[in-house]
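Novice: Single-letter residue listing:
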Amino acid sequence: GAGVSQTPSNKVTEKGKYVELRCDPISGHTALYWYRQSLGQGPEFLIYFQGTGAADDSGLPNDRFFAVRPEGSVSTLKIQRTERGDSAMYLCASGEQPNTEAFFGQGTRLTVV
Amino acid sequence: AQTVTQSQPEMSVQEAETVTLSCTYDTSESDYYLFWYKQPPSRQMILVIRQEAYKQQNATENRFSVNFQKAAKSFSLKISDSQLGDAAMYFCAYRSHNQGGKLIFGQGTELSVKP
Numbered sequence: 019g020a021g022v023s024q025t026p027s028n029k030v031t032e033k034g035k036y037v038e039l040r041c042d043p044i045s046g047h048t049a050l051y052w053y054r055q056s057l058g059q060g061p062e063f064l065i066y067f068q069g070t071g072a073a074d075d076s077g078l079p080n081d082r083f084f085a086v087r088p089e090g091s092v093s094t095l096k097i098q099r100t101e102r103g104d105s106a107m108y109l110c111a112s113g114e115q116p117n118t119e120a121f122f123g124q125g126t127r128l129t130v131v
Numbered sequence: 046a047q048t049v050t051q052s053q054p055e056m057s058v059q060e061a062e063t064v065t066l067s068c069t070y071d072t073s074e075s076d077y078y079l080f081w082y083k084q085p086p087s088r089q090m091i092l093v094i095r096q097e098a099y100k101q102q103n104a105t106e107n108r109f110s111v112n113f114q115k116a117a118k119s120f121s122l123k124i125s126d127s128q129l130g131d132a133a134m135y136f137c138a139y140r141s142h143n144q145g146g147k148l149i150f151g152q153g154t155e156l157s158v159k160p
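Those sequence lines, one after another, are chains A and B.
To get this note's numbering, take the position in the first sequence, counting from 1, and add 18.
To get this note's numbering, take the position in the second sequence, counting from 1, and add 45.
Rather than coming from a laboratory, the hints here were simulated on the basis of the structure.
Please note that the accuracy of each hint is not assured.
Stated by the list, open to error - If you only want the chain A side, here are some residues facing chain B, beta carbon under 8 Å, derived:
| no. | residue |
| --- | --- |
| 1 | 63 |
| 2 | 66 |
| 3 | 72 |
| 4 | 73 |
| 5 | 79 |
| 6 | 83 |
| 7 | 103 |
| 8 | 106 |
| 9 | 107 |
| 10 | 109 |
| 11 | 117 |
| 12 | 119 |
All figures in this text were calculated on a predicted structure; none of them were measured in a lab.
The beta-carbon is built from N, C-alpha and C at its ideal position, and this holds for glycine as well.
Produce the entire structure from the sequences given, and follow the hints as far as they go.
Specialist: This is the structure:
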């Protein structure tokens, strides 16, 4: 596709459930980033992939959050035992290389009820 | 750690007028990048303008320009001839030269444009 694609657009889940959020980066982009944006706030960095490996996961809030990028393209952000505080917009971005312009997807709005 | 602060939660401008959005940041690094992103209601973050810290000249992109004051750690965005389509959340962001491209965002400024 032409841009970064995130699915689903919206996700409602019950507290305690497991969720997966998907990101399809722009073809050929080696760098991929996940951010979390709470209502009325700026995005906060979660994790950055260079190729298949997580180069920086310092933003993951706790061990309930995990992300993978097994083939160096599509990435999945996984959240276990969801809590109401996990409700936010989750944004994905990709770049040709690290330190080049990052292009953002439209995000997945996660609501934990 | 680097921080980015936007002290104006909301701003309003009349169509065709000029508005300036403020941003300050804190860093001990000398080489970095600064950005302004626009996030309309459609949610997609769009890059408006970027500035390399080593460049003294202020960046300009059509109606958008910045006032970069490195010593003061200030990076404001000026929008000239404001248009209705400029209404959005605007985020200032910082990127280190050597941390793989992760962005540190400010809290955002919601800009409304009055016809």
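Novice: Now, for every hint given, state plainly whether the structure supports it.
Specialist: Here is how each hint holds up against the structure:
| no. | hint | verdict |
| --- | --- | --- |
| 1 | 63 | 5 Å, holds |
| 2 | 66 | 5 Å, holds |
| 3 | 72 | 11 Å, violated |
| 4 | 73 | 5 Å, holds |
| 5 | 79 | 15 Å, violated |
| 6 | 83 | 16 Å, violated |
| 7 | 103 | 18 Å, violated |
| 8 | 106 | 12 Å, violated |
| 9 | 107 | 7 Å, holds |
| 10 | 109 | 7 Å, holds |
| 11 | 117 | 5 Å, holds |
| 12 | 119 | 6 Å, holds |
Going through the hint list in order, the structure does not satisfy hints 3, 5, 6, 7, 8.
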